[in-house]
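Visitor: Sequence:
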Amino acid sequence: VLPHLRQMVEIVEHGLVDEQQKVRTITALALAALAEAAYPYGIESFDSVLRPLWKGIRQHRGKGLAAFLKAIGFIIPLMDANYANYYTREVMIILIREFQSPDEEMKKIVLKVVKQCVATDGVEAAYVREEILPEFFQSFWVRRMALDRRNYKQVVETTVEIANKVGCSEVIQRVVDDLKDESEPYRRMVMETVENVVQNLGAADIDARLEEQLIDGILYAFQEQTSDVDTVVMLNGFGTVVNALGLRCKPYLPQICGTIKWRLNNKSAKVRMQAADLIARIAVVMKTCSE
1 VLPHLRQMVE IVEHGLVDEQ QKVRTITALA LAALAEAAYP YGIESFDSVL
51 RPLWKGIRQH RGKGLAAFLK AIGFIIPLMD ANYANYYTRE VMIILIREFQ
101 SPDEEMKKIV LKVVKQCVAT DGVEAAYVRE EILPEFFQSF WVRRMALDRR
151 NYKQVVETTV EIANKVGCSE VIQRVVDDLK DESEPYRRMV METVENVVQN
201 LGAADIDARL EEQLIDGILY AFQEQTSDVD TVVMLNGFGT VVNALGLRCK
251 PYLPQICGTI KWRLNNKSAK VRMQAADLIA RIAVVMKTCS E
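Numbering-wise (this note's numbering), the sequence shown opens with residue 1 and increments by one.
The hints are simulated quantities; they were obtained by calculation from the structure and are not laboratory data.
Please note: incorrect hints may appear among the correct ones.
List of simulated lysine to any residue pairs, SDA-like, C-alpha gap at most 20 Å [claimed, not checked]:
no.: 1; residue 1: K250; residue 2: E184
no.: 2; residue 1: K55; residue 2: H14
no.: 3; residue 1: K250; residue 2: K261
Full structure from sequences and hints, please.
Guide: Below you can see the structure in the form of structure tokens.
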């Protein structure tokens, strides 16, 4: 698409200021698709639409705004570091306001754009930590998000991307207590996030206190499973955390093995099978710790 990008952008750009909302929306979506296809090149072709897009996110609401945000979310990763940092700070004001939106479609787009902005090179970890983290967790880490599969997936992906920027412990300490939440789908969402974060970043910056909370939480979440849906999430999460902690697991192994033994004697075949699977995942660590 690169050789034709500038012409294609010029052909559609007038639609951004059209009086019909549908035309504005479809134009913004077309620009989003072009930017996605051109990644990571072609930012100069979008020069002419930056101003109308920026003006648009301040004026529009609802579906129109969602489409404009989507376009910006795909254009920011094409920019060089300084511009990306500046534009992220500008768009974040609107995104944080829209964290409160009741519209499911808007939530999905906001999560996606936050993920794209955070992953961009010029955006600093300190900025993400101070400006985005508190609002993000307050708005999206709620039980309701775990009930809709698409939102759940997007929340997990965005949180993992934030962790890649600000570090493992920064994110885990905010969700670790929710491993003991009374809602099982929510516990599963926390476990999947913990698994992905630890898998990407390891456990080096998890201190002793957080490590204790983490083991305690995954043991609770593992024992309290009642549904047969997605049991592999709990298995993967448990295995990943124990393997990442390695030797540091030694003090907790008697407790972990006690839980496994108890589940190996359960009357349900699925529970016994899952306990046996867990042994396979953590046997290497048991050997390392000579337990």
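Visitor: Taking the hints in turn, state whether each one holds.
Guide: Hint check results:
{"no.": "1", "hint": "K250 to E184", "in the structure": "violated, 28 Å"}
{"no.": "2", "hint": "K55 to H14", "in the structure": "holds, 14 Å"}
{"no.": "3", "hint": "K250 to K261", "in the structure": "holds, 17 Å"}
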